[in-house]
Each structure stands twice: as C-alpha cells, then as structure tokens.
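Student: If you want the building blocks of each chain, they are given just below.
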Amino acid sequence: MDVVKRKKELVKEFSPLLEKSTKTSKIWVGFLIAIILVGLVAFVIQFRKGHIVTGMRDNVVWGIYIINFIFFVCLSYSGAFISGILHFFKTPWKNSVSRIVEVITVLSLIVGPIFILLCIGRLDRLYFLFLYPRIQSPITWDIIAIMTDLIGCFIYLYLTFIPDFAILRDNSEGQPKWRQKVYKWLAINYHDTETQREKLHKITRTMSAMIIALAIIAYSVLAWIFSLTVQPGWNSSIFAPYFIIAGLYSGISVIIIAMYLIRKFYHLDHYIRKVHFIGAGVILLVISLLYGYFTFSEYFSRWFSHKDADMKLLDTLFNKYFWEFIFANYIGILVPIVILFFKKFRTIKSITFAAVVAILGLYMNRYLIVVPTLETPYLPIQDTRPEYIHYTATWIEWSLSFAGIAAFILFFILIMRLVPIIPMSGIIDHEREEKKKKPRII
Amino acid sequence: MKTRLFKYILVITALGLFINPNCFAQKSVLKNYRVRFGLSTTKQADNSRLLEVSFIAANKKDRKDRVPVYDADINFYNVTIEEDFLLGTAKTDKDGTAKLTVPADYKYVTDDEGYINLKAEFEGSKDLKSNDDQIAIKDIFLELNLEEVDSVKTVILNAYSLDSLQTKVPIDETEIIFSVRGMISNMPIKQDYMSDGTFEFEFPENISGDINGNVDVFASILDNDEYGNVIQKKNVNWGVNKTIIKETNQLWSDVAPIWMYVVLSILLIGVWANYGYTIKNLFSIKKEGKELETKQED
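Heads up: the sequence lines are chains Y and A, in that order.
Numbering-wise (my numbering), the first sequence opens with residue 1 and increments by one.
Numbering-wise (my numbering), the second sequence opens with residue 1 and increments by one.
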C-alpha cells in the first residue's frame with residue numbers, strides 16, 4: 001500500500017468538508033451566533049442585577065443551570081468513557097464514531113462548567129474556592145475532578161488528532177498560509193515513522209485507560225454532590241452508578257443524533273453506515289434497560305420505605321409534576337426500549353428518534369431530581385411567598401441555556417472545519433492492519 | 001375560609017370592646033362561639049401561688065378555631081362565707097391568659113374543712129357577658145431533699161398539709177412526678193404514688209447537667225382535684241457532664257480525615273504523573289521528527 005498516495009486521496013476526499021461554506025451553513029452559523037449573543041445579553045443582565053432575574057430563590061436554590069451542568073458534564077464523562085473503550089479495545093468500527101465522541105467530550109466539558117458559574121450568586125468570590133479549599137467538601141472534589149478531567153480530555157483529544165494534523169500539514173498545498181501554520185504547529189513534527197507511531201499508540205492507549213477510570217471517578221463525584229446530602233430524593237447509595245448509567249444513556253443518544261446529522265449534512269453515508277446505527281442502537285437498548293432498572297429501584301425503595309419526607313416528595317412528583325414524571329420515567333425509557341428491541345424497527349431514522357426521546361426524557365429526569373426535592377425540604381416552609389417555594393425558569397435562564405447549546409453546536413462545526421470528522425489516520429491504520437492479516441502467497 | 005373570616009371579625013370585635021367601649025359588637029358572629037373561662041392554681045417552689053385564668057372563645061362547630069380574649073380585666077378573690085377578699089387584678093394577654101402571683105406569706109382564709117376557695121371573675125363588658133370560675137384547694141407543702149445516703153444519690157420527698165393546730169398531716173395516695181429540667185421541657189425520671197407522706201428513690205446516674213454538672217430536680221403534683229398543681233424544685237450537682245466527642249469526618253471540621261488526603265493524593269499523583277509521561281513522550285516525538293527533518297534537509 002502506498003501510504004503517501006492514500007493520504008493524498010483521503011485529504012482530497014475530506015477537504016470539501018474543511019473548505020465548503022454553503023449559504024445554508026452560513027445562515028446556520030449566523031443563527032447560532034445570534035442565540036449566543038442573546039445569551040450574552042442575558043448574562044450581563046444577570047451579572048448586574050443578580051439572581052433576582054432568575055427563578056431561583058431561598059428554597060429552590062438550584063434550577064435549570066445546575067440541570068444543564070449535570071447534563072453536559074455527564075455527556076462529557078460518558079463521551080470520555082465510550083471513547084476510551086473504543087480505543088482501548090480497538091473496536092473495529094471506531095473510526096466512524098471516535099472523533100465525534102471525542103469532540104462531544106471536550107466541548108461538553110467546556111460548556112458544562114460555565115453553567116455552574118451561572119449558579120453562583122457571588123461570582124466575585126469564586127477564587128475563594130481555590131484559596132480556601134475544603135478537602136472534605138464534595139464541591140472541592142468536583143472542582144478537582146472536572147479540572148483534571150478537562151486537561152486529560154484535551155491531551156487525549158490532541159493525541160488522537162496528531163496523525164491527522166500531520167497528514168493535513170503534508171498535503172496542504174493551496175491552503176491559506178494560516179491554516180498551513182496551524183497544522184504545522186499542531187502536528188509537532190510527526191512523520192508517522194515506526195517509532196513515532198509506536199510511541200503515539202502507546203500513550204494514546206494508556207490515556208484511553210486513564211480516561212475510562214477518570215470518567216468513572218468524576219461521574220461518582222458529581223453524583224455525590226447530591227447523594228451525600230440528606231435531602232429527600234438525593235440521599236441514595238445507588239446515585240453514583242445511577243448517574244454513570246444515566247450519563248451513558250445521554251452520551252450514546254447524543255452520539256447517535258450527531259452521527260445522523262453529520263451523515264445527512266456532510267454526505268458521509270460511506271463512512272457512517274446503518275451498521276453503526278444498529279450497533280449504537282443495541283448499546284442504547286442495553287443502557288436503557290439498565291437505566292430503567294435503576295430508576296425503578298430508586299423510586300420503589302423510596303415509596304416502600306414510607307419515610308415522611310420521601311412520601312411528600314413522591315406526592316409532589318405524582319401530583320404537581322405528574323406529566324413530567326410520566327414523560328421522564330415512562331416515555332423517556334419505554335419508547336426507546338420498544339423501538340430498539342424489535343429488529344424491524346431498527347432503521348436509521350427510528351434509532352435517531354429513540355435517541356431524541358431518550359435525551360428529552362433524561363433531561364426531564366434531571367429536572368425532577370433537582371427541583372421537586374428543593375420544593376419539599378425536610379423542614380416545613382412557613383410564612384413565605386409562593387415564588388420562594390415554587391420554581392419556574394425565567395427567560396434569562398432559558399436564553400443562557402440555549403446559548404450553551406448553540407455554543408456547543410457552533411464549536412462542533414468549527415472543529416469540523418479544522419480536521420475531518422472521520423479520522424484519516426484511523427482509516428490508514430485500519431487498512432494497514434487488514435493488509436497484515438492477509439495471507440501471503442509464497 | 002369562612003371560619004377564618006369569622007375569627008378575624010371576632011378578634012377585631014373583642015379588641016374593640018376593650019379598647020373602645022363605644023364600638024358595636026357583631027352579636028351574630030359571637031353567637032357561633034362559646035366562651036371558656038377557667039381558673040387554675042399552681043403552688044410554686046418558693047411557696048408563692050400562681051393563679052391563672054384562661055379566657056378563650058371556642059367555635060361551636062370547629063374545635064380548632066379558638067380565639068383568645070385579649071386585654072380583659074380579671075379579678076382574683078379569696079372567697080369566704082362572709083366576704084370575698086380581692087387578691088389582685090390582671091389583664092389577659094394575647095393568648096387569653098391572665099396571671100397573678102400571690103406571695104408565699106399571704107394568709108388565706110379557709111373554710112371549715114380547710115379548703116382555700118379561690119375565684120376569678122370577669123365583670124363583663126357591653127357585649128361580652130360576665131364570667132367567673134371558682135376552685136377549692138387544700139394548701140400542702142412539699143419538702144424535697146437530695147441527699148447521698150450510703151454514697152447513693154437519693155431523692156427524698158415529704159408531703160404534708162397543716163391542720164388548724166398547725167400539725168403536719170402526711171399526704172397519702174397522691175401521684176407525684178419527678179423530673180429534671182431539659183432544654184425544651186422537663187424530662188420525667190420517676191412517676192409513682194406517695195404513701196404516708198413520703199417517697200424516696202435513687203437518682204439515675206446518667207442524667208446530663210449543665211456545664212458544671214448542676215441539675216434542677218422537680219417534684220410535682222399536677223392537676224390534682226384536691227391540691228391543684230404543686231411544684232417543688234432543688235438544684236444539685238449530680239448531673240453528668242457529657243463529653244463531647246470531636247468527630248473528624250464533618251464538612252465543618254477543621255481538617256479532613258487523613259485517609260481522604262492520602263486517597264486524593266494517590267489519585268491525583270497517579271493521574272498527573274500519567275499526564276506528565278504523555279507530555280514527555282510528545283516532546284520525544286517532536287524531537288525525533290525534528291531530527292528527521294534536519295536529516296532530510298541535509
């Protein structure tokens with residue numbers, strides 16, 4: 001196999017993805033920027049006026065910001081977990097999804113923590129967390145975990161990008177100067193020699209194992225922020241594994257949606273095939289069964305224990321939040337299971353639909369974990385205004401939430417303009433492996 | 001909602017009655033309420049006597065709806081056959097309670113059987129009828145002794161009344177409750193019947209005292225038909241000082257447990273060492289690439 005020629009072919013094949021800028025894509029990018037700008041306006045208002053412009057009050061001190069934080073951070077951890085598994089076990093179809101997963105991991109880990117900053121009433125005192133950290137506080141553990149994980153994910157993502165940067169550097173004739181310089185700088189003199197390749201594979205493999213372990217630890221720490229309190233609905237011993245399963249549920253769903261969109265808009269049918277959707281769909285089925293089991297265990301044990309505070313919480317969930325509860329814990333779990341369980345339903349569109357339902361259900365589940373619990377605390381609330389007990393998100397909170405989602409999509413598009421979403425080096429490695437496997441005719 | 005509205009109207013009416021006698025009461029509202037007027041008495045540890053009146057309007061239909069009558073003048077009397085001696089006057093507070101403490105040295109006039117007859121009276125206003133209540137109680141004395149008998153902390157109570165010749169007559173078959181002062185209410189430690197005017201028992205060993213180990217011990221006769229409420233109290237240094245164990249695994253403790261530092265350090269060192277190793281390898285890859293480029297240029 002002529003590697004140099006093959007690299008050239010691949011660059012030629014993927015370069016339209018890097019250069020193409022259609023009218024639709026420009027409108028789409030403009031739309032995303034507009035949403036982000038609205039979010040920035042909302043942020044300025046919140047920064048100037050304080051949390052009074054949000055729906056958060058004395059009793060319900062957490063709202064959709066913390067839900068977005070959990071959602072994005074869980075997405076990131078699950079991305080890291082899945083990516084680690086794909087690389088560590090050298091999964092055959094990893095080339096089609098690995099880069100999507102890696103980009104999701106890093107972007108959600110950048111966007112997620114921004115929401116926790118929006119939750120803080122006194123942002124000007126943020127540095128106190130670093131000046132006076134309390135090792136016995138789960139919040140401190142989470143800060144350490146997120147920062148360590150963020151750096152780890154960046155390094156890991158970079159490692160997987162290096163061979164592609166080198167290919168793009170070597171085949172960047174006719175590209176703008178700045179692009180050539182960026183590729184040269186990022187490729188760190190990588191020339192795909194035997195020793196360089198070996199070294200890179202070795203550290204990528206070690207990092208992938210590290211990322212799996214780190215994701216599990218960071219997941220658990222995030223769950224402990226809730227479960228180590230005595231709040232009804234949070235104080236649960238299965239919260240850490242429940243969060244891991246829920247995170248994987250959201251992670252796989254987002255990957256399926258991203259695969260669908262990239263396949264549709266970048267015409268990558270050749271690389272992202274139905275078999276990949278079916279594979280991801282079967283994994284989603286297994287995870288949805290586990291997630292359903294954990295959800296049932298969680299609520300069943302609370303209902304059976306008949307503790308006053310838990311009963312009050314369940315009463316709120318089954319009355320005030322009845323439809324939300326049905327959507328989150330019945331529709332959000334059972335619909336994906338039904339679609340993915342039967343072979344004849346496993347089409348690309350139906351699998352993507354199942355993933356969308358799963359994502360929406362999971363987001364609602366997160367809402368039901370945070371808000372109703374804060375609305376039914378242990379100590380009875382007396383003589384206070386109704387808006388201090390009941391939470392409704394304001395337009396400021398929604399604007400910032402949508403700005404977060406828009407930023408996530410925009411960064412995704414920008415990264416796809418820098419490197420191909422299908423790793424070229426992965427394709428070459430795969431072809432190299434296949435060639436080695438072929439029996440020689442003597 | 002309707003009941004609450006009535007309640008407010010009644011409170012305003014009752015207030016108006018006492019603050020401004022020219023106000024018009026809403027008799028139709030008052031009809032729904034039954035006025036409860038009750039007198040009780042407590043002989044206190046210093047032998048003074050507390051007279052207490054509860055003056056409350058209770059809804060006939062809704063037992064939970066109770067409206068205290070505020071700022072009503074209540075007269076307290078020592079009643080005799082010939083004459084009622086005024087002991088004093090007190091106003092009801094926001095809970096509808098009027099209290100009067102009669103000093104220990106007051107000489108009550110008793111009837112032929114030795115009962116003190118006490119009366120509380122509300123003279124009435126333009127719209128609220130007059131009310132009174134009367135009780136008859138015998139004056140008794142409680143002597144509480146806290147002694148160590150053969151190194152055993154013993155609570156000894158003697159209870160007696162005085163006859164006309166000032167001779168002590170022991171109290172018999174009367175329920176007595178012993179308690180110690182707690183933070184919110186008194187904690188009972190013994191409840192039994194007295195015989196022959198005396199009762200004794202061993203003080204429990206595990207009762208917490210204040211910072212110096214002092215504890216207030218109470219002997220009480222409560223809601224007795226013949227004696228009313230009688231309370232005696234003494235302070236003694238028999239309390240146990242609870243040792244506060246300093247727990248280490250708390251969010252608010254000064255430092256985290258050592259194991260937490262160890263686990264966190266191992267995890268962080270392990271992860272960051274791996275990052276360092278990865279970056280070192282990246283530099284090595286870069287160096288090798290540089291050498292290769294130089295060779296090719298040469």
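Source of the hints: derived by calculation from the structure; they are not laboratory data.
Built from N, CA and C at the ideal position, the CB exists for glycine as well.
Where hints are given, some of them may not hold.
Where chain A lies over chain Y, by a calculated footprint (3+ residues, C-beta under 8 Å) [unchecked claim]:
| # | stretch |
| --- | --- |
| 1 | 50-63 |
| 2 | 134-143 |
| 3 | 207-221 |
Student: Each of the hints needs a verdict: does it hold here or not?
Tutor: Hint check:
no.	hint	verdict
1	50-63	violated (count 0)
2	134-143	holds (count 5)
3	207-221	holds (count 4)
Hint 1 alone, counting from the list given before, is not met by this structure.
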